[in-house]
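Take the sequences, apply the hints, and build the full model.
What follows is the residue order along each chain.
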Amino acid sequence: MSTLLEVDRLEVSFGGRTAAVRGASLAVERGETHCLVGESGCGKSVTALAVMNLLARGARRQAERLAFEGQDLLGLSDSGMARLRGNRMAMIFQEPMTSLNPAYTVGSQMTEVLRRHRGASQRIATDRAADLLARVGITAPGLRLGQFPHQLSGGLRQRVMIAMALMCEPRLLIADEPTTALDVTVQAQILRLLAQLQRDLGLGMLLITHDLGIVARVAHRVSVMYAGEVVESAATAELFARPRHPYTQGLLRCVPVPGRIRRDEPLGSIPGTVPRVMPGFEGCAFRERCDFADETCSGTIPRHAAGPAHEFLCRLPA
Amino acid sequence: MSVATVTAGPRRGWRSFATWFGAAIVGIASICALFAPWLVPYDPFAQDLGKRLLVPFWMEGHVPGHVLGTDQLGRDYLSRLIWGCRISMLIGVTVTIVSGLIGITLGVLGGFVGGRVDDAVLFAITTRLSIPVVLVALAVVALLGSSMTLLVLILGLLLWDRFAVVARSTTMQVRHLDFVAAAWCAGCSRFRILVREVLPNIASHLVVVATLEVALAILLEAALSFLGLGVPPPLPSWGLMIAEAKDYMFFSPWVIVIPGVALFVLVLGINLLGDGLRDMFGTRSDP
Amino acid sequence: MLQFLLRRLTVAVLVAVTVMTLAFVLTRLSGDLAISIAGPNATQADVEVVRKAYGLDRPMVTQFLDWVGRALTGDFGDSYFFKAPVSSLIAERMPVTLTLGLTGLVIALVVSLPLGILAAVRENTALDRVVQLVALIGQAMPSFWLGLLLMITFGLQLGWLPISGTGSWQNYVMPGIVLAFSAIPALTRLTRAGMIQSMGSDYIRTARAKGLSRASILLKHALRNAAIPVVAIAAVQLGFMLGGSIVIEQVFALHGVGFLAWESIGKNDFPVVQAVVLVLAVIYVALTTLADLMNAVLDPRLRGP
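Residue numbers (numbering that gives the first Met the number 0), protein chains in the order written: chain A, 0 to 317; chain B, 0 to 286; chain C, 0 to 304.
Treat the hints as calculated values from the structure; they're not laboratory data.
Ideal Cβ placement from N, Cα and C applies to all residues, glycine included.
Among the chain C residues that face chain A by a calculated CB cut under 8 angstroms, a handful are:
(1) SER200
(2) ARG204
(3) THR205
(4) ALA208
(5) LEU211
(6) SER212
(7) HIS220
(8) ARG223
(9) ASN224
(10) LEU297
(11) PRO299
To give an idea of the interface, some chain A residues facing chain C are shown, with a C-beta separation under 7 angstroms as derived from the structure:
(12) MET90
(13) ALA102
(14) PHE147
See below:
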């Protein structure tokens, strides 16, 4: 396997007031599902948007290295980036209800991707769109192509978003909490669909979620994010078996695992919330909420390796 | 329809400058309006046919004493301009009071009571908007003879639509807020809720509308006077001054430039002040 | 959709009836119409002749119903002054006013849409401020005065354009610009606000994520949704322009419906005034209904599931 997406020491700040991402690093390999987990506001979505160069105006993006299939993205022009987006790398979002343009039919919004990137004719693009709608489990694709987004349910819209992202056979699919806004039953369907597509098409997938249940089911590799930093990264089984960072340990205690947790045993929780970190912040951002914190936590924090491809960021020794 | 939200608070940079500029113009105009009889250098109605169309100070051949020159009947232009400001401001404010009373009553009624009453209010607004204002105002003035009182009444009766629209939509919003629900639960009377909870909360929106309406009324009065069916002569309404000077404008353009600029600057100032107030209150719900 | 149309139509008819009543009451405000028509030098006998001739001796209700009944068939009676059917007078003058109104609307849209889009794309920059300043200036400009200034500059000093009359297309340039000025501020502000809202929406983020070109994102995806309120206001503005054209037609001596109304007001020719008020009101209601229909085309959500 070779590396599909490399992110090294990514930093994103908004108008010099908030440091949303502070030196986050991660790598997505070809054909693997990489989950990025963390609480709301920890910088997961901002990281994804920074990779796609979709940050709102006023955001500043910096990194040591940001590369897709070996190609540097930092120096790429806006139009060069636009040629990659929707083509080699695609993204789907958390809000299926508002992510489709209400004024155009599903078909029109799907076909324009292929027409833009491949110069395909309307007929070829329509055929491809219908194929993909069938592939994501939508019945009567021909009918759906002529419908408007408001005529579809949330689950259907997310399926349409997924199909639309696959129009140009991307190598990387970034999915930003794709199931959060959906009903629980639909969540499972969409998740199963994503996992299946990933396997069948050999997609590299960066799946952003705050749900460890999802991680356990689909991820090959996990990166845990806290306050703009990747605090721990490991293969899924390794992380669940031997979490090293106190925050990861805390997160895992919040999840009921059948067989490991007895009835009536209280679930864990992490007191407090993710702090808003200003630029120039030093030390571990978790120290206010950490049981193991001492004065050295406000200094520089070392990165430890705890076995092959398992890294964590903490003053505690490996 | 609420279009976009802007954070409340004082404006910075040029926006704050624009607000102060508007406030200064409105302040000067108010002083001119209130103290016109003591400010005018000459009697604005006194004709002197020996001194017709004297040029203003920036042109060659200017006669000292008449800073802005004289009109076609030898009346001092500065004095007429100051007196005209009094007329514009008077019309603007009184028309807004009349239209405000009508519009706010209708709008709050529709927004607060809802149902059939609201349908009726909406219908009244639609009907009012379909009536061509200038034409009807002209016709009424032509029928009943021109006078200030009539002009104020007819414009007031024709310009209440925006008050009604904004009062209605903001009342509807406020009605559904928690503290109003709390007041209901606490057993307050309808009237008390209206006066104590709803009105104070829609007031800032209405103040902004009022500035727009003052400006609109001033422009309309000038247009009607320009057409000869507004303020009766010899009152020096700016619109009337432009109409009377029109025959001379090709040879002495300043006769229409001076009152026109005055009108433009006053309306611009009122609008700038209104925009500033809107930002200050953080109310950006355009009708 | 059908229900919505029926509802609109009912409102339109109700508005028309109300305006008819108001227009009728309006002309009866002055007291005795016969005296006004007969003129200041008429004797008592002349007045009686006029009263009989115009049917003013009948009860008020009869007169009203008669007028309404005829108006429904397009018959607004005869003009007292022009001695011709009012409907043919209006039909004769309407093309001038419609040309003027449409010219004004086209100029206004051609100016406001690009300005609004530019200001939205460059939000909070110097360009945005300049656009907002243009809108403010347009809002404060008295139309008749702007007309006179244009006449002095382009008509007299530069000699580029004719200052009055309806002979050629050039006659509509200056009045069209003046009329457009009254609509530009509202249209520009609405376009700007709509584009800012639209550009910040999730579906624009999707469009960007799809790698679409900047032009496609702005003009296809953002503008389509921003245009929905603009269309409604443009229709309303056209209605206001037609109503407000009375001032501009007078300034530029364009013999349209506004000019006709202006002449008729001066001559106490009430059948004409009544009819013009009614026709303008009906046009306004028709335009707003049309705008609703166009919005249904632009926004599929309004068409129902």
